[in-house]
Amino acid sequence: MRNEILEKYLPLTPEEKEELKKKRIKKHHVATIFLHWFNMLVWLTELITGAALIISSNYIFVPRFFTKLVSDIYGTRGNIIRTHIFVGVVWAIVLILYALFGWRRYLKPTLKEIFGITKDDIGWLVSKFEEVALGKKVHYPPQDSYNGGQKLFAIVVALMVPVIIITGFIMAFHLLTPALIRWAIIIHFIAVGLVVMGLSVHIYMALLYPPEQEGLFGMIHGYISEYFAYHHHYKFWRKKKKGLDKPAELPPKKDLSPIKAGIFLGVVLFFSFYLTGFGLGSSGFVQRTLVAIFGAFAPESVKNHPYMGHYWGVYPLWNFLVFMGFGVIIGTLFAMFLSNHKFRFRIEKGDKISDIQRLIYAVIGGIIVGFATRIAGGCTSSMALSGGSVFSPGGWLFMIFLFVGGYLGAFFFRRLWK
Amino acid sequence: MIGPLYKVLGWSHGTLLVLALIVGFFFGYALYRSGFYSAKKLAGVFYLYDFAVYKVIFVGIIAAALLLWLFSGIGLLKFELLSFHPSYLISAAIGGFIFGIGFSIGGFCPGTSLVSAVTGSFDAMAFFVGVYLGIAIWDLGYPFLFKGLNHIGKIDAKTLMEAWGVPYIVLIIVALIIAVVTFPVVSKIEDKNK
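Each protein sequence line maps, in turn, to chains A and B. The C-terminal position of the first sequence is numbered 418 in this note's numbering, with every residue numbered one higher than the one before it. The C-terminal position of the second sequence is numbered 194 in this note's numbering, with every residue numbered one higher than the one before it.
It is worth saying that the hints were derived from the structure and are not from the lab. Note that beta-carbon positions come from the ideal geometry of N, C-alpha and C, so glycine has one too. Where hints are given, some of them may not hold.
To be verified - The list that follows gives simulated cross-link-like pairs (lysine-lysine, BS3-like), each with its CA atoms no further than 25 Å apart: (1) A/K108 / A/K239; (2) A/K112 / A/K235; (3) B/K194 / A/K254; (4) B/K41 / A/K253; (5) A/K342 / A/K112; (6) A/K254 / B/K192; (7) A/K21 / A/K242; (8) B/K41 / B/K192; (9) A/K240 / A/K108; (10) B/K40 / A/K260; (11) A/K8 / A/K22; (12) A/K418 / B/K188; (13) B/K194 / B/K41; (14) A/K108 / A/K26; (15) B/K40 / A/K352; (16) A/K240 / A/K26; (17) B/K147 / A/K303; (18) B/K41 / A/K260; (19) B/K41 / A/K254; (20) B/K188 / A/K254; (21) B/K194 / A/K260; (22) A/K23 / A/K239; (23) A/K352 / B/K192; (24) B/K40 / A/K254; (25) A/K23 / A/K241; (26) B/K40 / A/K418; (27) B/K194 / A/K352; (28) B/K40 / A/K342; (29) A/K235 / A/K128; (30) A/K260 / B/K188; (31) B/K41 / A/K342; (32) A/K352 / B/K41; (33) B/K192 / A/K260; (34) A/K418 / B/K41; (35) A/K418 / B/K194; (36) A/K418 / B/K192; (37) B/K194 / A/K253.
What the hints assert, rightly or not - Partner residues are not named here, just some residues of chain A that face chain B (Cβ under 10 Å, in silico): (38) F169; (39) P258; (40) G281.
Could you put together the complete structure from these sequences and hints?
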């Protein structure tokens, strides 16, 4: 292999052609492959159920027999809606997890590439048009791991998927105002339509267009031949050969200073009050989920229980603090990844105690704290922070006595943390 | 728009839950960026080598209070529509005292243990399980052992402004003065014990 082809796209010699045809190059990570086929299943289900859900005397979208067919398969229309929503929610959760855990390694580089449109991408689109529409013989400029057409489709997908998810949630859970829900229906439909336009080209290319066949198999086992990569994705191939495709390690961020962190937390607390009228809370998450767990075994006793009954409501998990808890989990993960910190299993403790001792003391501390929150009616978040900011007498007393108890405890248990 | 938006504009319960998710997101983000994923950092306030907990809570209270005061002052927030716990003074004091002991042993409070557990800390997971156990003990023992323990010393005033008849801003300034006086002191103690 000549070194020149690492710098510039040149016609290959017959020997190079043979050499590159034998070598394979990794195109897709296994996570990407799973996500791709998961996406396919989701889109298949959602397009079929979604299309069957559109019934209007003014606007006939699919033939009646199709609607009837899908209704017969699912039994009732209610089942179609439930399936559509359930699959959609699962899809959204998977995508969010992917975005979180794959942000640095997959999503960010991909977004950077697809939105970083170059002259070569435009050139590819122009050439493609000339070839297909005008029947000219053309030379394609060198391409990244996505070619110009794929980038165009990827941009549409990247922009429309959040729109589809958000409008879907608004429709499914009747959020905000009725007018907005009506708009959400239309926007949901248009966004899906835009993706489907690209999707039809995407499927045609992968299944029926011979030059792209290798790409299809690449999406199954992850590898393509270097020859294919050289011709279709020269810039990707060159990067890979030069070892430039690995993202650089970023230095971990330091924690915010207490003053900055405090202001951040205070602003969040204010917005909680301003938007909802409620402050922050954490122990309510535990109480509600616990009530839900007990309720799964003995709903009647829990509903009529003198204490837990208060937390039952319509349904214990359909609650402000429960959702806040889930938000905390997602926000924490985001903060961790955006601070370039790594997820690692660990036990933090003082030097004088063993791991097992630390875990036992942690459970004991947790039991005491959990129990105490029930006496006080809340924890550091709701009593001290939220209560403190509105100068609730109970909140301030809680905080003062928290420190009294803490320093007394520290006197007796300082061995744990030395 | 006049807040609290959910109550003033009569938004649906579903909207409230989405708002909770968003607020929770930033709450978790803020706790993480404060460094509260680490039990050592949290416990430092009781063992005198890191006062981040004290400072963050205090600054957080003052920042939020200033914004609440400002917004209700210019008529953009109906303070009386805010929901917070009624004051059972004795219960709050007893609860706070016991809470503090548990905090100094376990190194977490419920919210921070959730944050830390999510980042992979086994001690935080153990603590969080402990919180569940503690609350379960209370829940199950409530009818015959703990009934009423959470309702001692009720006062009618919802806020100190009401109780003492002083304006909101005066209390905020007092808190600010306490912060300005104590922060340099605790920073000195911090440096000595590092």
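Structure-based check of all given hints:
1. A/K108 / A/K239: Holds - the C-alpha atoms of A/K239 and A/K108 are around 17 Å apart, at most 25 Å.
2. A/K112 / A/K235: holds (15 Å)
3. B/K194 / A/K254: holds (18 Å)
4. B/K41 / A/K253: Between B/K41 and A/K253 the Cα gap is close to 16 Å, so the pair holds against 25 Å.
5. A/K342 / A/K112: holds (22 Å)
6. A/K254 / B/K192: Cα-Cα ~22 Å, so holds.
7. A/K21 / A/K242: Between A/K21 and A/K242 the Cα gap is close to 19 Å, so the pair holds against 25 Å.
8. B/K41 / B/K192: holds (16 Å)
9. A/K240 / A/K108: Status holds; Cα separation ~18 Å.
10. B/K40 / A/K260: Holds. B/K40 to A/K260 sits at ~20 Å (cutoff 25 Å).
11. A/K8 / A/K22: Satisfied, since the Cα-Cα distance of roughly 21 Å is no more than 25 Å.
12. A/K418 / B/K188: holds (19 Å)
13. B/K194 / B/K41: holds (11 Å)
14. A/K108 / A/K26: This hinted pair holds, its Cα atoms lying about 19 Å apart.
15. B/K40 / A/K352: holds (14 Å)
16. A/K240 / A/K26: holds (9 Å)
17. B/K147 / A/K303: This hinted pair holds, its Cα atoms lying about 17 Å apart.
18. B/K41 / A/K260: holds (16 Å)
19. B/K41 / A/K254: holds (13 Å)
20. B/K188 / A/K254: Holds. B/K188 to A/K254 sits at ~21 Å (cutoff 25 Å).
21. B/K194 / A/K260: holds (21 Å)
22. A/K23 / A/K239: Holds, at about 16 Å.
23. A/K352 / B/K192: Holds, because 21 Å separates the two Cα atoms, which is no more than 25 Å.
24. B/K40 / A/K254: holds (16 Å)
25. A/K23 / A/K241: holds (12 Å)
26. B/K40 / A/K418: Holds - the C-alpha atoms of A/K418 and B/K40 are around 10 Å apart, at most 25 Å.
27. B/K194 / A/K352: Status holds; Cα separation ~17 Å.
28. B/K40 / A/K342: holds (18 Å)
29. A/K235 / A/K128: This hinted pair holds, its Cα atoms lying about 18 Å apart.
30. A/K260 / B/K188: Given that 25 Å is the threshold and the Cα spacing comes to 19 Å, the pair holds.
31. B/K41 / A/K342: Holds, at roughly 18 Å.
32. A/K352 / B/K41: holds (17 Å)
33. B/K192 / A/K260: holds (23 Å)
34. A/K418 / B/K41: Holds, because 13 Å separates the two Cα atoms, which is no more than 25 Å.
35. A/K418 / B/K194: holds (11 Å)
36. A/K418 / B/K192: Distance ~15 Å between A/K418 and B/K192 Cα, so the pair holds.
37. B/K194 / A/K253: Within the cut-off at roughly 21 Å; holds.
38. F169: Since the shortest Cβ distance to chain B is 7 Å, the answer is holds.
39. P258: holds (4 Å)
40. G281: holds (8 Å)
Of the hints listed earlier, there is not a single one the structure fails to meet.
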